[in-house]
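Q: Take a look at the letters that make up each chain.
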Amino acid sequence: MAEENAPQQQSYGSSGGGGGPRSSGPGGGPGGRPGGGPAKRGKRSFVRKKKVCRFCVDKADFIDYKKAEILAPFIQERGKILPRRMTGTCSRHQRWLTVAIKRAQNIALLPFAAEL
Amino acid sequence: MEERLYDLIFICRPDTPEADIDKVITTLETVATEKGGKIDSVNKWGRKRMAYRVQKLREGYYVYMVVRSSQGEVVKELERRLKVADPVMKYLTVRLDEELKRQDKLKRHRERRAARRPRKTVPAAPPMPGTEPQAAAPTA
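Protein chains in written order, with this note's numbering: chain A, 991 to 1106; chain B, 1426 to 1565.
The hints are all genuine.
Quick partial rundown of chain A residues pointing at chain B, CB under 8 Å, derived from the structure: (1) D1051; (2) L1099; (3) L1100; (4) E1105.
Here are a few chain A residues that sit away from chain B, every Cβ distance over 10 Å (derived from the structure): (5) C1043; (6) R1044; (7) D1048; (8) E1067; (9) P1073; (10) M1076; (11) T1088.
Only pairs whose alpha carbons sit at most 30 Å apart, straight line, appear in this in silico DSSO-like list of lysine-lysine: (12) A:K1057 <-> B:K1469; (13) B:K1460 <-> A:K1056; (14) A:K1070 <-> B:K1508; (15) A:K1049 <-> B:K1526; (16) B:K1469 <-> B:K1526; (17) A:K1057 <-> B:K1532; (18) B:K1501 <-> A:K1056; (19) B:K1469 <-> B:K1501; (20) A:K1056 <-> B:K1532.
Just so you know, these hints were derived from the structure itself, not from any lab.
Here a beta-carbon is modelled for each residue, glycine too, at the ideal position from N, C-alpha and C.
Sequences and hints are given; from them, build the entire structure.
A: Here you go:
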């Protein structure tokens, strides 16, 4: 019993230590990431799917601020722009995306903040 | 000064009659031509729900137009007119030509790379059939 328990605990601890700082809590806000999976006790196998930039897949040369439906998935319900680590957007496209979102906000296509 | 391209969107109050909106558009067109610019296209998006309240209204009548000019004065005057016009609640001008230039550059870059790629794959292809018989030989 004791021998069985010890390795289990060790593996649990090591995996928890590895995953801890990065995952920073499973309830990390809305727009949850896929691939996190249900974290079962004892067996922790994080097979995180590699996120790819959606705009790179589409080979987008520019992001149109007039198409609010394209930009909508990249903002939170409260109106905040989602960070790259949540959406997997590459740095170049994130730069364009933030500009596009801010323009759309100015012309009332997207909200600055959720209304009460 | 080279010619510049702008996006111009403005939102009218939803209760304005269509005739008034047309009047705003025609005045903008005349102003643009007077100042040496040109309005390439006008596109009425119609009544849309806005993402937040503007002047206590939830809906607005969107009009989108593309302006071409080589004088900065044109945009200045257009914006002044929009500010003064009664039915207009909100407007936005965005300069487009630099983004289009960037888009063009990226497209050309990709095409050049695409044109180069076949040359790379052609030398890579001949070894492939060569390795296949080798791999097949031990199994057979």
